[in-house]
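Q: The residues making up each chain are set out below.
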Amino acid sequence: MAASSNDFNSWKEIGLDDCRAMLRKFRDDNERRSEEIVELYEECLDSKMHKLGNEKWIVYEQVCIAALDCARQDIAQKCIAALRHQFPDSSRVRKLIGMQHESLGSFEKAEKVYDSIQQTDESNSHVRKRRIAMLRALRKVPEAIVELNTYVKQFMSDYEAWLELCDLYISENDYTKAAYCIEELLLSNPHNHLYHQRYADIRYTQGGMENIELARAHYAQAVALNSNNVRAMYGLFLSASNVASAPKCAGQKKKDNIKYAMWAANQIHERYQKMMNKDNDKQMKAVEEMLESLQLASVN
Amino acid sequence: MLEIALSQVDAYCRSRNLAIAGYYQANENYKDHSPNLIACRIIEKISENIGSDALLLMVENDKLASNVENACFTAYTVQDGKAKKVEGEKVQVQGNGTAGQIASALLCAKEHWQLVDFDSHLDDISLDWTNAHISVKISNAV
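Chains as they are written, first to last, in my numbering: chain A, 1 to 300; chain B, 1 to 142.
Next up, chain A with everything else stripped away, as it sits in the complex (with noise of 0.2 Å):
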């Protein structure tokens, strides 16, 4: 069984099998744990390189992202020198020069890196990502955006890059466009319950009767794909809710969307109970109030 950051109370009581085994799970699992690969690195790793065989390189670039991410330029420039003595040539070594150049605020000089890989490469998407990533750390949103455009027409199928182009839209406040991205995912990606969550998030947001039907629409899909969903069940209920609770609405619809809700609420509910033990029981009582203020405030 691959071992949890959880086992261990400090990282120096484990074995090397096991560190490899945790840094090839968050590659799998994509998951930037950088402060903790940096602890495993230098508790575990940074004496035994020579042993992990070929995958010693791939474990050099993860170590160097983190290394990076935590302003640790000793551990970082360790990583680029082994790489660059085994691999001179290589634009997969050139970026993670760029990216120290970012992480020291070198901005330019980080240009003229990808400048270079560019012109050896037209075709480089990481390269066209990292230059979107510095306009973002210059606070340079609008910029950003119009690159990343440009990026998402040519690389359709980078999902990571729609989700970003949301996020972006999202903090200028245009909740119009970034619907607009997730409704690309949805296309490709029918079946993926955070998506229809996400989506239903930015419609609810925006409000008015029409986005919140839409919005309770697809909270109702995250859900029937995935009942674990809880923002999902959360995002039910309250659409619902708010539907029910609209002047305008009247007749079956009012009672629908007041079955609805009460059936989220009874999911929550029940969820809560299974998980919670009895030192939890103001929680759960917080929990019990919240659902019954905001339905009555449906129902009347």
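Some clues are possibly wrong.
Interface residues of chain A toward chain B, partial, derived using beta-carbon atoms under 10 Å [as the list claims (entries may be wrong)]:
hint, residue
1, Val38
2, Glu39
3, Arg136
4, Arg139
5, Tyr175
6, Thr176
7, Asn226
8, Arg231
9, Gly235
10, Leu238
11, Met275
12, Ser293
13, Leu294
Simulated crosslink set (SDA-like; lysine to any residue; CA at most 25 Å straight-line) [said to hold, decoys possible]:
hint, chain 1, residue 1, chain 2, residue 2
14, A, Lys95, A, Gly53
15, B, Lys63, A, Glu35
16, A, Lys255, A, Met209
17, B, Lys31, A, Glu102
18, B, Lys45, A, Glu210
19, A, Lys274, B, Ser126
20, B, Lys110, A, Ile75
21, A, Lys140, B, Ser120
22, B, Lys90, B, Gly22
23, A, Lys78, A, Lys140
24, A, Lys140, B, Ser126
25, B, Lys45, A, Pro247
26, A, Lys25, B, Ser120
27, B, Lys63, B, Ile138
28, A, Lys285, B, Ile134
29, B, Lys110, B, Ser139
30, B, Lys63, A, Pro247
31, B, Lys45, A, Ser245
32, A, Lys95, A, Asp17
No lab work stands behind these hints: they were computed from the structure.
Backbone N, C-alpha and C fix where the C-beta goes; we use that ideal spot for every residue, glycine too.
Add chain B to chain A, keeping to what the hints say.
A: Only chain B this time, still in chain A's reference frame:
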């Protein structure tokens, strides 16, 4: 989800004779400590709820090093949709200078990995957003 968080925390507070008095925000950009539109809207909502000016604390990221300074935030109130800085002496951290030391000690012990915010709670509802486990450590340190 902010709506859910605020209602739930509010219900919890009222059961203990407390109230949500403010909101703190740490911007993702290291050098950006300025309040944004969302922070101002949240403060307006909280102020409405408690019937007086709520406090907005913008975290100064660069002061959160391993030697935490006592006042690693800037305090604001929100009037007419705009954030107004509160003058230094009006907002102070309790504890005669120990707060920074305790925070530094907790950071060194990696306690921040155990910190649960409402968002983490929504990912896994067994996690305790009141962070009772950390409150105990803080009380012991005081």
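Q: With chain B as the partner, please determine if Leu238 of chain A meets the hint condition of a C-beta pair closer than 10 Å.
A: 6 Å, holds
Q: Given the hint that Lys45 of chain B pairs with Glu210 of chain A, test it: the Cα-Cα distance must not exceed 25 Å.
A: The hint holds at about 24 Å.
Q: Between Lys78 of chain A and Lys140 of chain A, does the CA-CA distance stay at or below 25 Å?
A: 32 Å, violated
Q: Quick check on the hint: Arg139 of chain A CB to chain B CB, less than 10 Å?
A: 6 Å, holds
Q: For Lys285 of chain A and Ile134 of chain B, compute the direct alpha-carbon distance and say whether it is at most 25 Å.
A: The given pair, whose Cα atoms are some 21 Å apart, holds under the 25 Å limit.
Q: Take the C-alpha atoms of Lys274 of chain A and Ser126 of chain B, compute the straight-line distance between them, and say whether it is at most 25 Å.
A: At roughly 9 Å apart (the allowed maximum being 25 Å), Ser126 of chain B and Lys274 of chain A satisfy the hint.
Q: Hint Ser293 of chain A vs chain B: min CB-CB distance below 10 Å?
A: 7 Å, holds
Q: Does the CB of Met275 of chain A sit less than 10 Å away from some CB of chain B?
A: Constraint on Met275 of chain A satisfied, holds at 5 Å.
Q: Does Gly235 of chain A hold up as a contact with chain B if the rule is Cβ-Cβ below 10 Å?
A: Result: holds, 8 Å to nearest chain B Cβ.
Q: Are the Cα atoms of Lys95 of chain A and Asp17 of chain A separated by 25 Å or less?
A: 29 Å, violated
Q: Quick check on Leu294 of chain A please, does its C-beta sit within 10 Å of some C-beta on chain B?
A: 6 Å, holds
Q: Report holds or violated for the interface hint on Asn226 of chain A, using the least CB-CB distance to chain B and a cut-off of 10 Å.
A: 12 Å, violated
Consistency with the previously given hints fails for numbers 1, 5, 6, 7, 21, 23, 24, 30, 32, ordered from lowest to highest.
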